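Chemist: The residues making up each chain are set out below.
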Amino acid sequence: MATEAITSPLPIRQRRIKSALKHTGLLIFVAFMVYPLVWMVVSAFKPADQILTEPGIIPTDLTLDNFRDGWHALNRPFSVFFLNSLLVTVGSIVGNLFSCSLTAYALARLQFRMRRVYFAITLASVMLPFHVLVIPQYIFFSQFDLVNTYWPLLIPKFLATDAFFVFLMVQFIRTLPRELDRAAWIDGAGPFLTFWYVVLPLMRPALVTTTIFTFIWTWNDFFVPLIYLTRTQVFTVPVALNSMVDSESQSGVGMLFAMSLLSLVPILIFFAVAQKYLIRGIATTGLK
Amino acid sequence: MLTQEERPVLETPGEDPAPERKRPAFHLNRQGRAAHVFLIPWQLGFLLITAIPLFASLYLAFTDYDILNPPEWVGLENFQRMVQDEQFWAAVKVTLVYVLVSVPLQLGFALLLALILDRGLSGLAFYRSAFYLPSLLGTSVAIAILWREIFGDGGLINRGLALIGIDGESWLQNPSTALATLIVLNVWTFGSPMVIFLAGLRQIPDELYEAARVDGAGVIRQFTNVTVPLLTPIIFFNLILQTIGAFQTFTQAHIISGGTGGPANSTLFYTLYVYQQGFVAFDMGYASALAWVLMVAIAAITALHFLVSKYWVFYGDS
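Note that the protein sequences, when read in sequence, are chains E and W. For the first sequence, the numbering used here gives the first residue as 1, with consecutive numbering after it. For the second sequence, the numbering used here gives the first residue as 1, with consecutive numbering after it.
Please note that a few of the clues may not be correct.
Pairwise CB distance ranges (calculated) [unchecked claim]:
#1 E:L268 to W:G120: 41 to 49 Å
#2 E:H23 to W:I301: 18 to 26 Å
#3 W:G154 to E:R174: 23 to 31 Å
#4 E:T230 to W:L163: 18 to 26 Å
#5 E:F98 to W:G258: 36 to 44 Å
Not close to chain W: a few residues of chain E, all C-beta gaps over 10 Å, as computed [unchecked claim]:
#6 R13
#7 L74
#8 L87
#9 L110
#10 R113
#11 R115
#12 S125
#13 V134
#14 I135
#15 I139
#16 L146
#17 V253
Hints listed in this document are in silico derivations from the structure and should not be mistaken for laboratory results. Here the structure is a predicted model, which means the values were calculated and not measured. Beta carbons: idealized from backbone N, C-alpha and C, even for Gly.
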């Protein structure tokens with residue numbers, strides 16, 4: 001009670017009023033922040049000619065026309081783009097989990113010359129802007145005739161180039177008790193068995209965080225697919241949306257909204273399911 | 001069974017081994033051999049995806065190269081061209097304005113909301129999620145498309161203004177407001193630094209606040225003398241992260257301007273200009289030179305941040 005008295009000099013009733021005011025202010029701000037998203041959702045279901053004439057979010061005529069038309073707006077249906085995006089995203093997740101965990105284990109637990117150097121390189125490459133690498137990479141991949149395939153998007157993921165995740169996993173492995181892998185080691189398990197049976201299962205939270213962020217980043221990624229994917233049949237969803245923008249007309253707004261909304265659905269689902277991990281992930285590593 | 005030689009007696013994982021005394025310099029011990037197997041993907045990636053391209057683009061920066069014909073050495077020509085290139089300077093200006101305005105605004109909002117949400121407000125999880133959601137979606141093409149429609153000619157903002165009798169014109173067609181719409185978009189994504197601030201605030205021990213109160217410090221003194229100093233490492237971390245990210249903004253600028261950086265170069269972000277030169281004009285030598293300038297600029301600014309941090313970032317033990 002004594003500390004209570006110090007922390008809150010105001011009487012209880014006044015505190016309640018203060019708290020109610022705070023909540024009201026915050027809720028208004030939340031509504032303001034989320035309004036654009038709600039407007040997008042509602043607009044996707046409005047007849048195209050009403051979207052830009054009514055700013056309100058209470059629709060009068062609901063229709064699925066935008067989805068039907070948008071789905072077939074390009075010369076391939078959106079199911080193709082969604083499957084392409086799914087393929088790239090799943091491939092990237094597998095690649096990152098595989099390559100980053102191997103790298104992180106070696107950097108965190110094994111003794112070898114160059115360990116510090118390798119770790120420093122990994123840290124430094126987090127800050128390296130991608131644009132300084134992309135032109136030679138493009139030349140390299142186009143020489144192997146890999147433009148308009150997914151290899152340029154996937155190969156880097158299998159080679160541990162997402163240094164953020166390596167760093168995240170190294171930090172995580174360092175928090176695991178050393179006695180566990182030391183015990184396995186003394187029992188005769190070599191580094192590979194120790195990694196596979198002892199460290200990897202314990203790394204689950206870090207692997208989950210990596211999965212979530214790889215999913216979101218890859219699903220949203222625009223720059224790399226824009227460069228490598230130029231044929232409609234290999235487009236990922238963001239590139240497909242971009243080419244819808246290019247051919248936009250007034251009647252196309254509804255279709256654009258409908259397809260944009262659909263493109264966000266997987267992320268929203270992931271957000272709903274994995275919120276806890278997401279928040280913990282950014283709080284500990286600063287990932288976006 | 002392990003042979004005597006293989007038995008790992010001194011080398012348990014994670015311990016610094018006795019310095020390589022008894023071993024010849026090239027001998028790889030068991031852990032070393034294993035490490036090189038574990039690191040095969042990383043080493044390949046470092047060579048093929050990072051190191052070689054990095055130096056290749058440095059070389060290309062001094063050449064004229066259009067991907068069809070072999071690169072032709074032109075010395076400093078690309079850099080001389082840059083100095084006289086109005087679009088280059090436009091891109092530098094747009095990017096700097098964007099970084100200098102949107103990053104402090106975004107972090108300001110993030111800190112403010114984190115402070116409001118901290119310290120036992122009920123419903124924290126709900127608010128945190130609601131504010132975080134935009135930063136999850138903010139870099140997507142879909143949200144950039146939404147922004148086009150919000151700030152467009154007959155968009156949400158102008159419809160709203162019309163209700164109170166103001167006749168707005170397109171915010172995207174006007175060179176003096178187009179960049180502002182992208183700054184608003186970046187500020188809208190304040191949720192991710194906010195979550196980091198919240199985690200930082202939680203690390204500040206309650207005893208410090210209590211001690212300050214006992215010493216007669218009011219709310220404001222507690223904020224300036226306890227919260228701010230202890231939060232400076234987190235502020236610094238967010239500042240570095242968001243600055244580096246803001247320098248590389250691409251998607252939003254590309255979608256909002258239809259890839260042109262218009263109107264009148266007002267949304268010509270630096271990375272968009274690199275893209276235009278490299279992958280639209282296929283002037284890859286010039287684009288490489290541009291990219292290297294960006295990298296050196298980011299490195300210099302990050303180094304500067306670290307230098308200046310000595311004077312304002314407070315690490316408990318010093």
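Chemist: All hints, please: hold or fail.
Modeler: Comparing the hints with the structure gives:
1. At roughly 29 Å, the beta-carbon separation of L268 of chain E and G120 of chain W lies outside the given 41 to 49 Å, and the hint is violated.
2. Our hint of 18 to 26 Å for H23 of chain E and I301 of chain W is violated, since their Cβ atoms are close to 40 Å apart.
3. Checked against the given bound of 23 to 31 Å, the beta carbons of G154 of chain W and R174 of chain E, roughly 55 Å apart, lie outside it.
4. Evaluation of the 18 to 26 Å hint for T230 of chain E and L163 of chain W yields a failure: the beta carbon distance comes to about 44 Å.
5. Our hint of 36 to 44 Å for F98 of chain E and G258 of chain W holds, since their Cβ atoms are close to 38 Å apart.
6. Against chain W, the non-interface label of R13 of chain E holds: every CB pair exceeds 10 Å, the least being about 17 Å.
7. Non-interface status of L74 of chain E relative to chain W is upheld: no Cβ of that chain comes within 10 Å, the nearest being about 14 Å off.
8. Distance check on L87 of chain E: its Cβ is at least 18 Å (rounded) from any Cβ of chain W, clearing the 10 Å threshold; non-interface status holds.
9. Distance check on L110 of chain E: its Cβ comes as close as 4 Å (rounded) to a Cβ of chain W, failing to clear the 10 Å threshold; non-interface status is violated.
10. At roughly 7 Å, the least C-beta separation between R113 of chain E and chain W is not larger than 10 Å, which violates its mark as non-interface.
11. For R115 of chain E, the shortest C-beta to C-beta distance to chain W comes to about 8 Å, within the 10 Å cut-off, and the non-interface label is violated.
12. Once the 10 Å rule is applied to beta carbons, S125 of chain E is inconsistent with being away from chain W; the minimum gap is 6 Å.
13. Not every beta carbon of chain W lies more than 10 Å from that of V134 of chain E, the smallest distance being close to 8 Å; the non-interface claim is violated.
14. With a cut of 10 Å on Cβ distances, I135 of chain E falls inside the contact zone with chain W, its closest approach being about 5 Å.
15. With a minimum CB-CB distance of about 7 Å to chain W, I139 of chain E fails to clear the 10 Å threshold, and the non-interface call is violated.
16. Annotated as non-interface, L146 of chain E keeps its C-beta farther than 10 Å from every C-beta of chain W; the closest such distance is 13 Å.
17. Listed as outside the interface, V253 of chain E is inconsistent with that label: its C-beta sits roughly 6 Å from the nearest C-beta of chain W, within the 10 Å cut-off.
In summary, the structure is inconsistent with hints 1, 2, 3, 4, 9, 10, 11, 12, 13, 14, 15 and 17 from the numbered list given earlier, while agreeing with the others.
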